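Throw the hints in and build the complete structure from the sequences for me.
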Amino acid sequence: MANILAVDDSASMRQMVSHTLKQNGHTVVDAPDGKAALDKAKQQKFDAVITDVNMPNMDGITLIKELRKLPNYKFTPLLLLTTESAPEKKQEGKAAGATGWLVKPFDPEKLMGAVRKVVR
Amino acid sequence: MSIDMNQFLQTFFEESFEGLDDMENGLLNMTAGEPDVEQLNDIFRAAHSIKGGAGTFGLNSVTDLTHKLETLLDRLREGESEVTTDGINLLLESVDCLRSLLQAERDGTEADPQQAADITTRLAAMVDGGDGDSSSNGKDGDDAGSTAAADDGSGPGGGWRIGFTPEPHLFMTGNDPLRLLEELSELGEIQVSCDSSSLPALPDLDPEQCVLSWTIDLYGDVERQAIEEVFEWVEDDCSLTIAPLELAAGDTTTAPETASDPQAASAGEPAGDDTPQKPAQQSSGGNASTSSSIRVDTGKIDNLIDMVGELVITQSMLNELGENFTMDKLEKLQDGLAQLERNTRELQENVMRIRMVPISFAYSRLPRMVHDLMRQLGKKVDLQLNGEETELDKTVMEKIIDPLVHLVRNAMDHGIEAPEKRAELGKQETGTLEMNAYHKGGYIVIEINDDGAGISRDRLLGKAREASLVDNGEELSDEQVFDFIFHPGLSTHDEATDVSGRGVGMDVVKRNIKALGGNITVNSTPGRGTRFAIHLPLTLSILDGQLFRVGDQVYVVPLISIMESLQMQGGKIKRMAGTSELYEWRDDYIPIIRLRELFNETGGGALENELMVVVEEDDRYVGLHVDELLGQQQVVIKSLKSNYRPVTGFAGATILGNGTVALILDIAGLLELAQARDEVLTKGANN
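Protein chains in written order, with the UniProt record's numbering: chain A, 1 to 120; chain B, 1 to 687.
Quick list of in silico lysine to aspartate or glutamate cross-link-like pairs, DMTMM-like style, CA-CA up to 20 Å:
| no. | chain 1 | residue 1 | chain 2 | residue 2 |
| --- | --- | --- | --- | --- |
| 1 | A | LYS94 | B | ASP236 |
| 2 | A | LYS35 | B | GLU38 |
| 3 | B | LYS380 | B | ASP413 |
| 4 | B | LYS463 | B | GLU475 |
| 5 | A | LYS69 | A | ASP39 |
| 6 | A | LYS74 | B | ASP237 |
| 7 | A | LYS110 | B | GLU223 |
| 8 | A | LYS35 | B | ASP42 |
| 9 | A | LYS74 | B | ASP206 |
| 10 | A | LYS89 | B | ASP74 |
| 11 | A | LYS22 | B | ASP4 |
| 12 | A | LYS45 | A | GLU66 |
| 13 | A | LYS74 | B | ASP236 |
| 14 | A | LYS74 | B | ASP176 |
| 15 | A | LYS94 | B | ASP176 |
| 16 | A | LYS74 | B | GLU167 |
| 17 | A | LYS94 | B | GLU235 |
| 18 | A | LYS89 | B | GLU232 |
| 19 | A | LYS65 | B | GLU208 |
| 20 | A | LYS110 | B | GLU229 |
| 21 | B | LYS514 | B | GLU617 |
| 22 | A | LYS110 | B | ASP176 |
| 23 | A | LYS89 | B | ASP236 |
| 24 | B | LYS641 | B | GLU672 |
| 25 | A | LYS94 | B | GLU229 |
| 26 | A | LYS110 | B | GLU186 |
| 27 | B | LYS399 | B | GLU388 |
| 28 | B | LYS574 | B | GLU608 |
| 29 | A | LYS110 | B | GLU183 |
| 30 | A | LYS69 | B | GLU208 |
| 31 | B | LYS300 | B | GLU346 |
| 32 | A | LYS74 | B | GLU208 |
So these bits of chain B aren't anywhere near chain A, every CB distance computed over 10 Å:
| no. | residue |
| --- | --- |
| 33 | ASP21 |
| 34 | PRO168 |
| 35 | ALA201 |
| 36 | VAL211 |
| 37 | GLU320 |
| 38 | SER364 |
| 39 | GLY378 |
| 40 | LYS394 |
These are computed hints drawn from the structure, not numbers from a lab. Being a predicted model, the structure only gives us computed values, none of them experimental. Ideal placement from N, C-alpha and C gives every residue a C-beta, glycine not left out.
Structure follows, in structure tokens:
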């Protein structure tokens, strides 16, 4: 099972994502914004990162760009969890190096479907 | 693996209310015509988070409204629409509406659907009004998430042939072709053939590049859209062909004997129940509103844990001492007990501190109110909030909000003048309303200063005379005159206004503050402004008391109200008409209350050389004649009202170290009691 970093400025969303992942046997570390997430990602290697887009301090797109610069995260699955259904946001995410995206409203099945796409 | 998300509902409500407060503050700081993109982003983000959560929990009314709100905010931050005063006000109304929708959801009550519908319509109208051709923005675009529906619907029954040729950089997106193939295998039986013709010789191989391509035959009745969804994340990183199998087949592949093993199906098994996250009140969303919670700084809790640690050490030391105690260890024992006392006191202080919350909680609703009142009254006011970090007891905080609101309303309505009037008077058009909060002694002081018209002393005095509160020739100090503002039925404004004349007068303000053990004073200079100062006790339930004896009973008087304790000198005791006695104290005469008499104890004779405690309340001084002064100690106040019934003259009772009960004096009540008694006696004497 994988070690996953979950990033969201909303505490309830963090709790839901963490809870769902843990229920499915993964270990989870969470962070409230991109900056905190980047620090944590530098301290240990995660098998996947799931991040919100719109956050204070550092948004999800910038976080993904920064993560991709780290040698450790060159091939790591980085997923965007977002309400932005607009296609241009997905393109922006892809261009930044996102592996894929998931559209809120948050649904545990959808999350696990997405996670299964990238980690065991 | 169904997971109940409702356990997170409480957290969602909490953060949403915080988000709404942030939105409100952001909106209040916004000026029409000057869009602050940073601020708009923050507001947008708050709305966005609420929308995300609301969608998850199926709170559709909230989702709909936030969606509209977001659309408008988006246009504002992109500069497509202008930030207008009307816009800000509509956004503020939306915040209110969202708040009541969420409150209704939290409390399980019905929200007013009309209000939400109304706001939604107006938001949509404003978005459309921004420019003509933007109507598409108002429509629900949420479904755009899924890629365009498949052109030819469900599969042809036989299956699909999929050509998948990734770009070399595919690995760099974090995607893995193997995972995609596994996911495909969940849809149905697949047969995969790999084209490795582009694979270079080993020395030239760059493992970071993807050079393979695949042809996959997927058998079964699968919708084309399902296949597209599998490749959704990589559609720009590969060339993908999907064609019905019957048409594409025939040439190469034959029917599958055994398709590849659908191994990936094992991925989603639930693991053990390892969910010990944040233990704080997540039990159930339903009845959460009934329990009141308090947010405590972790530093305070850490302190508490330290204190308890020290207490445990002291206790074990005393234990050891007690096990084989001899008299020569007496000093050690005393040291230990002193330490225990110190620990207990610190622990107590720290526990009390947990109940302390910063006054910003009470402040938080003022900016919005001032904003609305400015609009309503056509006045310009600069609200300054100082000392936001000042902490006071949570109960006090909750009860002080209404008086504060009332005072601010009053200052806005009667204090600060209209801009034209101010200009006429040579003042700045924008008035200033300044709030200060700070600690002073055992009290918290909250000041409300305005630079408005002030209170006319003469007019107030005139009103007081009209109401026969003052005798005609009587001279009063400024303070005494201004104090009439708190007298029921005395208002210098002849008609009640919509803003402050709501039936709750200044007398109620004063009474509420009194009920908290506090006090309010007012000072004003006509034309320059008015200053209200509220003094509140730090905490409600513990006080430093002076113990004394009257007859056989021990009583407590709050240390803070004691000015002086003295032995009465015969020459300074003056007897007035009737029975009242005065004592000359600090160039003044103060009434003496014989507590023996008041409490119906027998005895009592000459006062000379007897003990007197001079206490102050509300700038009135009175001397209490007591039999004996005992020690000072902290006492925990037990309410008489809730345990027995309210008794005038007593603030409550407490249990002393030896187990006996002592009554705590309420100075204001005592003064009333003494006054009533004197009146009865005087009347009796006069008849």
